[in-house]
Amino acid sequence: EPEVTQTPSHQVTQMGQEVILRCVPISNHLYFYWYRQILGQKVEFLVSFYNNEISEKSEIFDDQFSVERPDGSNFTLKIRSTKLEDSAMYFCASSEAQTGVYNEQFFGPGTRLTVL
Amino acid sequence: AQSVAQPEDQVNVAEGNPLTVKCTYSVSGNPYLFWYVQYPNRGLQFLLKYITGDNLVKGSYGFEAEFNKSQTSFHLKKPSALVSDSALYFCAVRDTLNTGNQFYFGTGTSLTVIP
Numbered sequence: 001e002p003e004v005t006q007t008p009s010h011q012v013t014q015m016g017q018e019v020i021l022r023c024v025p026i027s028n029h030l031y032f033y034w035y036r037q038i039l040g041q042k043v044e045f046l047v048s049f050y051n052n053e054i055s056e057k058s059e060i061f062d063d064q065f066s067v068e069r070p071d072g073s074n075f076t077l078k079i080r081s082t083k084l085e086d087s088a089m090y091f092c093a094s095s096e097a098q099t100g101v102y103n104e105q106f107f108g109p110g111t112r113l114t115v116l
Numbered sequence: 001a002q003s004v005a006q007p008e009d010q011v012n013v014a015e016g017n018p019l020t021v022k023c024t025y026s027v028s029g030n031p032y033l034f035w036y037v038q039y040p041n042r043g044l045q046f047l048l049k050y051i052t053g054d055n056l057v058k059g060s061y062g063f064e065a066e067f068n069k070s071q072t073s074f075h076l077k078k079p080s081a082l083v084s085d086s087a088l089y090f091c092a093v094r095d096t097l098n099t100g101n102q103f104y105f106g107t108g109t110s111l112t113v114i115p
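Chains A and B, in that order, are what the protein sequence lines are.
With my numbering applied, the first sequence corresponds to residues 1 to 116, in that order.
With my numbering applied, the second sequence corresponds to residues 1 to 115, in that order.
A hint or two may mislead.
[Unchecked claim] With the Cβ distance kept under 10 Å, some of the chain B side facing chain A (calculated, not the full set):
id : residue
1  : Ser3
2  : Val11
3  : Gly16
4  : Gln38
5  : Leu48
6  : Tyr61
7  : Gly62
8  : Phe63
9  : Phe67
10 : Asn68
11 : Lys69
12 : Thr72
13 : Ser73
[Claimed, not checked] Think about it this way: if two alpha-carbon atoms lie no more than 25 Å apart in a straight line, the pair counts; the simulated DSS-like pairs of lysine-lysine are:
id : chain 1 : residue 1 : chain 2 : residue 2
14 : B       : Lys22     : B       : Lys49
15 : A       : Lys57     : A       : Lys78
16 : B       : Lys77     : B       : Lys58
17 : A       : Lys57     : A       : Lys83
18 : B       : Lys22     : B       : Lys77
19 : B       : Lys49     : B       : Lys69
20 : B       : Lys49     : A       : Lys78
21 : A       : Lys42     : B       : Lys49
22 : B       : Lys49     : B       : Lys77
23 : B       : Lys69     : B       : Lys58
24 : A       : Lys42     : B       : Lys77
25 : A       : Lys57     : B       : Lys49
26 : A       : Lys42     : A       : Lys83
27 : A       : Lys42     : B       : Lys69
28 : B       : Lys58     : B       : Lys22
These are computed hints drawn from the structure, not numbers from a lab.
Since this is a predicted model, take the numbers as computed values, not measurements.
For every residue, glycine included, the Cβ atom is placed at its ideal position computed from N, Cα and C.
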């Protein structure tokens, strides 16, 4: 069964450093998403991406965040200058069509980001 | 505003007994409702969804959920729990009045099935 994959599984970085979290969505999917979950809190939406551009973003997704689909398979989340409060589990997801109309989102296993 | 509440952080149930994991929601329009399960070191796995139609929806691994509009609830159920059902369960909602794609998640409920 096709799966969304994410690398690395755990990333430790110093405050102020840039990090790139990588995701490989399911190959025939068209919509891509990033969510995050701070320990003990809700899973929160960050951004959705379709047709090589951001289709929606939350208040969390400020100027220090960016997303890119650099090739036909990868989908990345970049945090330019990490803060302590960016420590969280980051989930990538993908879906065939706009969720809620037809299809559920498929999630990766997550990347745990620890900012020291 | 859209939100999801999972009032129980932890649910314990004996193997073979029925299980219920509770979820209530708040949306502006009509809800699209989803349940996901997360096993250790794995991503969120889709279990079932309610879009329209029958209030009782059946999903993977013998799970089902009942949509109750008057109580704004979408509780997850299984008639007979297995030890392998032990995992973290997330309820999610999408608001039909929200033109975006995002899900709103609950905080998750950790289910432990005791042998």
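Closer than 10 Å between Cβ atoms is the bar; does Ser3 of chain B clear it against chain A? Give me holds or violated.
9 Å, holds
Proposed proximity, Lys83 of chain A with Lys57 of chain A (alpha carbon, max 25 Å)
This hinted pair holds, its Cα atoms lying about 19 Å apart.
Between the alpha carbons of Lys42 of chain A and Lys69 of chain B, is the straight-line distance 25 Å or under?
23 Å, holds
Are the Cα atoms of Lys57 of chain A and Lys78 of chain A separated by 25 Å or less?
With Cα atoms ~14 Å apart, Lys57 of chain A and Lys78 of chain A stay inside 25 Å; holds.
Close enough to count: is the Cβ of Phe67 of chain B nearer than 10 Å to one in chain A?
15 Å, violated
Status of the hint placing Leu48 of chain B at chain A (closest C-beta pair under 10 Å):
9 Å, holds
Quick one, is the Val11 of chain B hint okay against chain A at 10 Å, beta carbons?
17 Å, violated
Going straight from one Cα to the other, do Lys42 of chain A and Lys77 of chain B come out at no more than 25 Å?
It holds: about 22 Å lies between the C-alpha atoms, which stays within 25 Å.
Hint consistency between Lys49 of chain B and Lys69 of chain B [alpha-carbon to alpha-carbon, up to 25 Å]:
15 Å, holds
Grab the minimum C-beta distance from Gly16 of chain B to chain A and call the hint holds if it beats 10 Å, violated otherwise.
28 Å, violated
Straight-line Cα separation of Lys49 of chain B and Lys78 of chain A no greater than 25 Å?
31 Å, violated
Can Ser73 of chain B be said to touch chain A, with a Cβ gap under 10 Å?
18 Å, violated
Of the numbered hints stated above, those contradicted by the structure are hints 2, 3, 6, 7, 8, 9, 10, 11, 12, 13 and 20, listed in ascending order.
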